[in-house]
Amino acid sequence: VNLFDARASVPLLILGGTTVVVMLAIVVRRSHALAAGLTVAGLLATLAGLAGLGLAASPRPITPLLTMDGFAVFGVGLLVLATLAIAMLSFQYMAGYDGWREEYYVLLLLATLGAAVLVASTHFASFFLGLEILSVSLYAMIAFFPRRRLSLEAGLKYLVLAAAAASFLLFGMALLYAATGTLRFEGIAEVWQVAPEPLILPGVVLMFVGIGFKLALVPFHMWTPDIYQGAPAPVAAYVATVSKGAILLLLVRFFHLAEPALGPTLRVLLGALAVASMLVGNLLALLQQNVKRILAYSSIAHLGYLLVAFQAQGPMAASAAAFFLTAYFVTMLGAFAVVTLLSTPTHEAEMIADYRGLFWRHPGLAGTFTLMLLSLAGIPLTAGFMGKLWVLAAGTFAASWVPVIVLVAASSVGLYYYLRIIVAMYAPATDQLNPARGDVGARIALGALTIVLVWFGVYPGKLLAAVGIAMASLWR
Amino acid sequence: LAVILAILLIPILGALLAAAAGRASPSAARWISLVALAAGFGLCLVAWAGHRARLWTPGAAWMLELDAAWIPALGIRFHLAMDGLSLLLVLLTFVLGIAAVLVSWHEIHQRVALFHLALLSVLAGIVAVFLAMDLFLFYFAWELMLVPMYFLIAIWGHENRRYAAIKFFIFTQASGLLMLVAILALAFVRYRQTGAFSFDYRDLVGTRMDGNAGLWIMLGFLAAFAVKLPVVPLHTWLPDAHTEAPTAGSVVLAGLLLKTGGYGILRFVLPMFPEAAARIAGLMMLLAVIGILYGAFMAFAQTDLKRLVAYTSVSHMGFVLLGAFAHDDLAFRGAVVQMLAHGLSTGALFAVAGMVQMRLHTRDLARMGGLWATAPLMGGLTVAFVMSSVGLPGLGDFLGEFLVLLGTYRTSIGFAVSAALGMIAAIVYGLKVVQRAFHGPNVLGLHMHDLLPLESGVLLVMLAVLFGIGLRPSPVIEALQRAIPSDPSSTIAQAPGARARKSNRISDTVDHGLSPLAGPTASHAGYEPGETP
Chain A
1 VNLFDARASV PLLILGGTTV VVMLAIVVRR SHALAAGLTV AGLLATLAGL AGLGLAASPR
61 PITPLLTMDG FAVFGVGLLV LATLAIAMLS FQYMAGYDGW REEYYVLLLL ATLGAAVLVA
121 STHFASFFLG LEILSVSLYA MIAFFPRRRL SLEAGLKYLV LAAAAASFLL FGMALLYAAT
181 GTLRFEGIAE VWQVAPEPLI LPGVVLMFVG IGFKLALVPF HMWTPDIYQG APAPVAAYVA
241 TVSKGAILLL LVRFFHLAEP ALGPTLRVLL GALAVASMLV GNLLALLQQN VKRILAYSSI
301 AHLGYLLVAF QAQGPMAASA AAFFLTAYFV TMLGAFAVVT LLSTPTHEAE MIADYRGLFW
361 RHPGLAGTFT LMLLSLAGIP LTAGFMGKLW VLAAGTFAAS WVPVIVLVAA SSVGLYYYLR
421 IIVAMYAPAT DQLNPARGDV GARIALGALT IVLVWFGVYP GKLLAAVGIA MASLWR
Chain B
1 LAVILAILLI PILGALLAAA AGRASPSAAR WISLVALAAG FGLCLVAWAG HRARLWTPGA
61 AWMLELDAAW IPALGIRFHL AMDGLSLLLV LLTFVLGIAA VLVSWHEIHQ RVALFHLALL
121 SVLAGIVAVF LAMDLFLFYF AWELMLVPMY FLIAIWGHEN RRYAAIKFFI FTQASGLLML
181 VAILALAFVR YRQTGAFSFD YRDLVGTRMD GNAGLWIMLG FLAAFAVKLP VVPLHTWLPD
241 AHTEAPTAGS VVLAGLLLKT GGYGILRFVL PMFPEAAARI AGLMMLLAVI GILYGAFMAF
301 AQTDLKRLVA YTSVSHMGFV LLGAFAHDDL AFRGAVVQML AHGLSTGALF AVAGMVQMRL
361 HTRDLARMGG LWATAPLMGG LTVAFVMSSV GLPGLGDFLG EFLVLLGTYR TSIGFAVSAA
421 LGMIAAIVYG LKVVQRAFHG PNVLGLHMHD LLPLESGVLL VMLAVLFGIG LRPSPVIEAL
481 QRAIPSDPSS TIAQAPGARA RKSNRISDTV DHGLSPLAGP TASHAGYEPG ETP
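Residue numbers (our numbering), protein chains in the order written: chain A, 1 to 476; chain B, 1 to 533.
The set of hints was computed from the structure by calculation and includes no laboratory data.
If you're wondering where the values come from, they're calculated on a predicted model, not measured in any experiment.
Hints should not be assumed to be uniformly reliable.
Stated by the list, open to error - Straight-line C-alpha distance at most 20 angstroms; calculated SDA-like pairs for lysine to any residue: (1) K167(B) x T450(A); (2) K432(B) x R367(B); (3) K167(B) x K462(A); (4) K432(B) x A301(B); (5) K157(A) x A174(A); (6) K462(A) x K432(B); (7) K432(B) x T450(A).
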């Protein structure tokens, strides 16, 4: 085995290199525009590196810890694109902060590096390393405004809970190591086929506590609404998309490799988590008055929908999950983009009342937000609809009727809270509305997200093909 | 064929143009909408005239068809097609669409551009529902027509509009998702049998299913259609939505959205699941009769004029459900005629209710009275529409209900007799409207101006069409010839071996003394129904 494949590691190297460059640039000259510009350039260079590998890339190991294959290219690409959108949205939001803002971009890049490592990892060591790089950066990002009480509280809460979850995860990994004697993901299946070790199952279940926390699945979801509410709007977007997406993509790979050993048991476990997340997420969202909290519960429910596809297993289910995840990324980023454009570090536009009459003042922004909310609700012409369609298709194909019917019921309940925000936006205008700001970068990002949302919603063929190729690299 | 695409695109383009032009001038939005809908209507008529023969020639292709690839990975196609059933309902869509634009002319003064964007988008969605022959495309259009309708109610509606709009949306969306699951399940059943994905109507219709799978999948479809139709006890969204919607919204809801439910049952449920449909036919007919009587009873109990008319819809759509599940060709024709006639007569009644509300700022019957003296033309036209609605012979509704009852009588005398009681109950609530609003003493001293020329024009045209359907139904009956499920070359595709329907040809009924109704059809030169194999 080639110990160090230079070409395959280019994207990760660029990402890590950019982090260092931005950090050094701050030392030389503290400039918000410079830091943001370097970040965007670095992310674009990473994308170029990924494009060089291509979705059809055959698996190329980088040390025994990481593998760059089509799946990893797709996953890292998705995460980097999302980070790019968040960086573009953050610029004018961060400009309103009177403290040191440049470090935010270092943290953003570092967290994304951790996320990218997760997607490419095939080994428990890299799994844990990636997770910690991601989490530690997030602690600081969530508490980035230390003078805002909610922000600080959210950061601290996330720190304590994430540390607890990580210890469960480590304990699970330790049990698996004790049972199999290896830290490679494939090791589990290999050992299982020889002799089903009794320690494997408890190990995996403990790992799922840690993973469930990161994905905010019910019953490990308690932190989510507080952190979404307390974190700066762009950071909340990051927690909702990149952080969850990275873990989920890791799970796809882990599952694929460990499936022979754990298939039936995990199916039941994931089905139960999916049902609980869909129901609890949607029902609790009904009680909220705060848009960021609503989006938090909505993201809990959406991860539940995702697991419906995920527990179905097989190439089709993995494709459906990846498609849904992409649609979810676009929609959540778009929704948080609107929140960000209306917010400042001192006053976040988070109550439904802040959105009253938005349409009559900023029809473009309100129209975009309507599209994003309809996408979350799964109404046609939006990517969210196509995503839900694929999830339902995967669930129906696997004849998992209970999750499918719960999905139908839960998303009907969920309509109510999305419509409440929409109703408010089209109600007669009030005076106390934040002025919508937004520089060129933020507008480009929001415009691109809207176009992609409708494009995938009407003509999903291209994305489906891409997802299919990327997933095929796992099953090769 | 490009014509069918044009029929769908014209309202969409009209919507966009109206929204763009309406920013500068509200009346431009109105005129553009009017012209677009009139163009669509004209195009349908031209197509009808041009391809008339295909409506009864056995073995001919669809009247119009367009089939293009859309999402190849799942075999989903952009497949539009038009047969007699679609043609009639699309024509109804354009007629009521024009009426909706015209009744809003004097009513809507706020956000006119946006209003016409929403209105024409609903109409485009409805046209797409009637034309889609790919089940996925059908679902797509089915969901899409809800969104602008939601905005029509939520922005331009009356006092309690937000509640009504959200309730409407959640009811239809929840049942729609069940239909989506059923569509997917059906496609997967076929995939397991043939190894290829397809959502095409013709492909899926022959899918073999063992008993219970077929029943469950059918129930998924039926859930969506039963909410829309509506079938009691799933009707509770209807009175709220119809009452709170602006006039044009009520006209579209009652006249068209309910018809999508009936269309779905006739087009999809019955042909695709003949065995399962036969299993629940008795239950559905029972629900239909309950709906007919309950709707009539509730209508009588209302004091809100729009709510009253809304409940009459529940009653009248019961006849459509009865006709659909009576498993009889006459009843099938009756159900379609009833859908057309109900669309016109109830649409007109909602228009009248809107005009009264615009003048008096109330819909409360208790506060009206003696309006005939102050607005005789409105009173006269209202009586005419009420009479059509309660089933006076010579007007469209009578023909529909009569054919349904006649067909049902052959299947089940009990259901036919009890449904006929609904026609008597209809007279009671019909007279109540006329008496409370237009007769009696004008205690409150109400004074309102009579119909404007535009308003009377709309209503007179709708009345004329109702008379047309009632007195000379042959074009309608003729257009339905190949949509009749028992016809050997039916465009309503049939599962193999499911043609056991009672083939009651119109010529049979002619012998039984119904020639004034059916004569022109039977003597048509193009086909002789008795000769078809």
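Hint check results:
Proximity of K167(B) to T450(A) is assessed by CA-CA distance (about 28 angstroms); at most 20 angstroms being required, the pair is judged violated. In summary, the hint linking K432(B) to R367(B) is supported, as the alpha carbons are separated by about 14 angstroms, within the 20 angstroms threshold. A distance of roughly 36 angstroms separates the Cα atoms of K167(B) and K462(A); the hinted pair therefore is violated under the 20 angstroms criterion. Straight-line distance between C-alpha atoms of K432(B) and A301(B) comes to about 10 angstroms, which keeps the hinted pair within the 20 angstroms bound.
Annotation: proposed proximity of K157(A) to A174(A) is violated, straight-line Cα distance about 26 angstroms (limit 20 angstroms). Distance restraint check for K462(A) and K432(B): the Cα-Cα separation of roughly 60 angstroms exceeds the 20 angstroms cut-off, and the hinted pair is therefore not satisfied. The straight-line distance between the Cα atoms of K432(B) and T450(A) is roughly 53 angstroms, outside the 20 angstroms bound, and the hint therefore fails.
When held up to the earlier numbered hints, the structure conflicts with 1, 3, 5, 6, 7 and fits the remainder.
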